[in-house]
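A.B. asks: Sequence:
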Amino acid sequence: MRTRCERCEIAHLPAEGPALICSYECTFCESCGRTMDYGCPNCGGELVARPRRRRES
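Letter 56 of the sequence shown, counting from 1, is numbered 55 in numbering that gives the first Met the number 0, and no numbers are missing.
Because the hints were derived from the structure by calculation, they are not lab data.
The structure presented is a predicted model; accordingly, all values stated were derived computationally and were not measured.
Where a beta carbon is used, it is the ideal one built from N, C-alpha and C, also for glycine.
Hints may contain errors.
[Unchecked claim] With beta-carbon atoms standing in for the labels, derived distance ranges: (1) R54 - T34: 20 to 26 Å; (2) R3 - V47: 14 to 20 Å; (3) E8 - R53: 15 to 21 Å; (4) R52 - E29: 24 to 30 Å; (5) T2 - R53: 15 to 21 Å; (6) R33 - R1: 23 to 29 Å.
Turn these sequences into a full structure, and let the hints guide you.
C.D. replies: Below is the structure:
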């Protein structure tokens, strides 16, 4: 998973934290996604909540 927003370059998007992705896995923080009306500027796809990984026990 990418750890930086592709728009604002926020330094840390943790895997367990909130982020938005498109079907090509372009990654954005929630603030940038909202500003872009949840549309990916790279491919035009919809930005949706990035799935979170389960923590290993």
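A.B. asks: It remains to establish, for every hint, whether it holds in the given structure.
C.D. replies: Status of each hint after checking the structure:
1. Checking the proposed 20 to 26 Å range against R54 and T34 shows it is violated: the Cβ atoms sit about 31 Å from each other.
2. Hint check: R3 to V47, Cβ distance near 18 Å, so the stated range 14 to 20 Å holds.
3. At roughly 28 Å, the beta carbons of E8 and R53 sit outside the given window of 15 to 21 Å.
4. In this structure the supplied range 24 to 30 Å is violated for R52 paired with E29, their Cβ-Cβ distance being about 18 Å.
5. Checked against the hint of 15 to 21 Å, the C-beta distance between T2 and R53 comes to roughly 18 Å, which is consistent with it.
6. Checked against the hint of 23 to 29 Å, the C-beta distance between R33 and R1 comes to roughly 18 Å, which is inconsistent with it.
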